[in-house]
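A.B. asks: Take a look at the letters that make up each chain.
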Amino acid sequence: MTHPADIIRSTARLRPTALLRTTSLALIITVLFLPFLPLLIWSFAQGWYFPQLVPTQWTLANWAGLASAGSRVGQGFVQSLVIAGISTVLALLVGLPAGRALGLMEFPGKGAIKLFLLLPIIVSPLATLMGIQFVLIRLGLSGTLVGVVLVHLLPTIPYMTLVLSSVYANFDPGYEAQARSLGASPSQVLRTVTLPLIAPGVVVGALFAFLISWNEFLLTFFVGSGRVFTLPMVLFTSLQGGNTGLTAAIAITSIIPAVVFLLFSSQALQNDAAIGGLGDV
Amino acid sequence: MTILLQTNPNNQDDRNTEEQSNHWAIPWHAYLLVLPAVSLIAVLFGGGLVLAFLQSIGLMGLTSTGAVSLDAYQQALTSRQFWQSLGLSLYIALTATAISTVLSIGLALLLLRAGRWASFACQLTLPIPHLVGIAGILLLLSPSGVLSRVLVHLGWISSDQDFPLLVNDRANLGVMLHFLWKEIPFVTLILLAVLRGIRPEYGMQARALGASRWKCFWTVTLPLLRPGIISASLIVFGFVFGSFEVPFLLGSTFPKTLPVLVYQAFTDLDLNQRSVAIALGLLLSGVSISLIALYLWLGSGKPFRRVMRRAQG
Chain A
204 MTHPADIIRS
214 TARLRPTALL
224 RTTSLALIIT
234 VLFLPFLPLL
244 IWSFAQGWYF
254 PQLVPTQWTL
264 ANWAGLASAG
274 SRVGQGFVQS
284 LVIAGISTVL
294 ALLVGLPAGR
304 ALGLMEFPGK
314 GAIKLFLLLP
324 IIVSPLATLM
334 GIQFVLIRLG
344 LSGTLVGVVL
354 VHLLPTIPYM
364 TLVLSSVYAN
374 FDPGYEAQAR
384 SLGASPSQVL
394 RTVTLPLIAP
404 GVVVGALFAF
414 LISWNEFLLT
424 FFVGSGRVFT
434 LPMVLFTSLQ
444 GGNTGLTAAI
454 AITSIIPAVV
464 FLLFSSQALQ
474 NDAAIGGLGD
484 V
Chain B
910 MTILLQTNPN
920 NQDDRNTEEQ
930 SNHWAIPWHA
940 YLLVLPAVSL
950 IAVLFGGGLV
960 LAFLQSIGLM
970 GLTSTGAVSL
980 DAYQQALTSR
990 QFWQSLGLSL
1000 YIALTATAIS
1010 TVLSIGLALL
1020 LLRAGRWASF
1030 ACQLTLPIPH
1040 LVGIAGILLL
1050 LSPSGVLSRV
1060 LVHLGWISSD
1070 QDFPLLVNDR
1080 ANLGVMLHFL
1090 WKEIPFVTLI
1100 LLAVLRGIRP
1110 EYGMQARALG
1120 ASRWKCFWTV
1130 TLPLLRPGII
1140 SASLIVFGFV
1150 FGSFEVPFLL
1160 GSTFPKTLPV
1170 LVYQAFTDLD
1180 LNQRSVAIAL
1190 GLLLSGVSIS
1200 LIALYLWLGS
1210 GKPFRRVMRR
1220 AQG
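Protein chains in written order, with the working numbering: chain A, 204 to 484; chain B, 910 to 1222.
Hints in this document: simulated from the structure, not taken from any laboratory. One thing to keep in mind: the hints can contain errors.
To be verified - The following label-pair restraints were derived from C-beta to C-beta distances: (1) A:Thr259 <-> B:Asp980: 55 to 61 Å; (2) A:Leu240 <-> B:Asn1181: 45 to 51 Å; (3) A:Arg394 <-> B:Thr1176: 48 to 54 Å.
As the list claims (entries may be wrong) - Facing chain B, from chain A, some residues (calculated, C-beta under 7 Å): (4) Pro238; (5) Pro241; (6) Pro254; (7) Arg275; (8) Leu320; (9) Ile325; (10) Ser327; (11) Met333; (12) Ile335; (13) Thr364; (14) Val392; (15) Phe420; (16) Ile458.
Keep in mind the model is a prediction, meaning the values are calculated, not measured. No residue lacks a Cβ here, since even glycine has one placed at the ideal position from N, Cα and C.
Start from the sequences, fold in the hints, and give me the full structure.
C.D. replies: Here it is in structure tokens:
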């Protein structure tokens, strides 16, 4: 039994514990941010030679270099945006009904179907990619945006379905029944009841899918055949070249949409009901 | 409408049973709803695997002779490189998954009582592309990187030659650090969401009945967290095991991880190597699927129990 005195003692201990927690958290967050530091400095540095701690000369040339056609950053940005946008919409279209079934209904084989839908994100896509590549070449889809969007559905559909099934699991279909009994048509119910209620979770799902497609490298690398230049492809090429300053500027550019998206929807990412779906495989 | 919104029931079990009775009679409705997603994955993922298999046994592909041949598998399985790469990939994936899972449990518990700003800051690496992390880690940890410069400045080392090799090193420390940096926030995000869903009353009850903080963690929090831990570590293991760009750019040059070996064989000028690459890729998938199945079976038994229950009616 806990003696009342123990409880008082543990309350007294709370302050050093809180301090320790804050300190360790600050340390962890600093370490997480550390890799961004050299990127940031390099993107403004001119000839930052070893062992200088800070560059002797600062420049905007690396950032100006992004705009030049040779860097392909503009093209990469647009292609990434188009591919991620289309993959997200397509994943949403098939993820919404699937999420509803998996989140709200019980049916034989549900566990197996859930596991099957997860396969593309837990099993390496390499074998699949090499298999598909042969057919995509025959169909003339290798090295095209259509081909890349198709393979980007491999990771986006599973994440979308998982998030949406969790969203639906926390949705009460009683609202729909209520609206129907009050005379609303099915489409009215969808527009005025269902969609507004699940909207925050849908935002999280779309966010996840968009970022997964935006960040995807391997799938584009295999199917794009060097002709589809998304931003990760531009960065990969630059990483293997020698211009560190330009590489750093490209790297920072490719995280801008992710950060903007996150800040814009920081509220949405606190949506535990939606994120919790990932913890329920 | 306001009243409707406020009466959101918390008891999920009641609702599920209700739904179940509503839809149990017509499960085809549910199947119809999952059909588009399932068929797309079946065509793209399953279809891709079948096509890969046909190419690996020589029934399809650029060098196909039209006859079944297991040469590609024989070549793959008898090469020393395959076994070395498999060992390296397993070592990296298992170590990275274990360390990031354990650390994430601690971080999630820390964040549970911290402010929302802290959990937000800890999740900032989540949407960052792997390639950006790779670039950052290269510039931070390479012999002429920022860390090395700081150490020279502090007088701890005199030149970049004294700095330990942390990227493209034999122990693959750079690869490991990158995965920890990227996956700990991912696992933490999932665990934190699960933790927030656990009623604090359970813990309070255990504490009130005299359980120590430690005992409360082992007997109450951890078991409730288990499904989240299993799914998160599963996704991390699968991802790390099949990751290409991280070991390609940060890893040791020899031995290579399995995905890098596959890529190297696939882009070989000798087209006969292509079927070997596909065989290697299928072996990679096979190993990963069997390990995942084993882990699910050992870890929770949940999917299997469900099947059993159904079989018993």
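A.B. asks: State, for the Cβ atoms of Leu240 (chain A) and Asn1181 (chain B), whether the hinted interval 45 to 51 Å holds or is violated.
C.D. replies: Holds - the Cβ-Cβ distance for Leu240 (chain A) and Asn1181 (chain B), about 47 Å, lies within 45 to 51 Å.
A.B. asks: So, Val392 (chain A) near chain B? Judge it on the closest CB pair being under 7 Å.
C.D. replies: Violated, because the Cβ-Cβ distance from Val392 (chain A) to chain B comes to roughly 13 Å (cut-off 7 Å).
A.B. asks: If you take the shortest Cβ to Cβ gap from Ser327 (chain A) to chain B, is it below 7 Å?
C.D. replies: holds, 3 Å
A.B. asks: Going by Cβ atoms only, is Ile325 (chain A) closer than 7 Å to chain B?
C.D. replies: Because about 3 Å separates Ile325 (chain A) from the closest Cβ in chain B, which is inside the 7 Å limit, the hint holds.
A.B. asks: Arg394 (chain A) and Thr1176 (chain B), beta-carbon distance inside 48 to 54 Å?
C.D. replies: The hinted range 48 to 54 Å holds for Arg394 (chain A) and Thr1176 (chain B), with Cβ atoms some 50 Å apart.
A.B. asks: Go through the hint on Ile335 (chain A) and say holds or violated, using the shortest Cβ distance to chain B against 7 Å.
C.D. replies: holds, 4 Å
A.B. asks: Do the numbers back the hint for Phe420 (chain A), that is, is its least Cβ distance to chain B under 7 Å?
C.D. replies: holds, 5 Å
A.B. asks: Measuring from the C-beta of Pro241 (chain A) to each C-beta in chain B, is the shortest one below 7 Å?
C.D. replies: holds, 4 Å
A.B. asks: Given Thr364 (chain A) as an interface hint, is its Cβ closer than 7 Å to any Cβ of chain B?
C.D. replies: holds, 6 Å
A.B. asks: 55 to 61 Å was suggested as the range; check whether the CB atoms of Thr259 (chain A) and Asp980 (chain B) agree with it.
C.D. replies: holds, 59 Å
A.B. asks: For the hint on Arg275 (chain A), does the least C-beta distance to chain B fall short of 7 Å?
C.D. replies: violated, 15 Å
A.B. asks: Restraint: Leu320 (chain A) near chain B, CB-CB cut 7 Å. Satisfied or not?
C.D. replies: holds, 6 Å
Consistency with the previously given hints fails for numbers 7, 14, ordered from lowest to highest.
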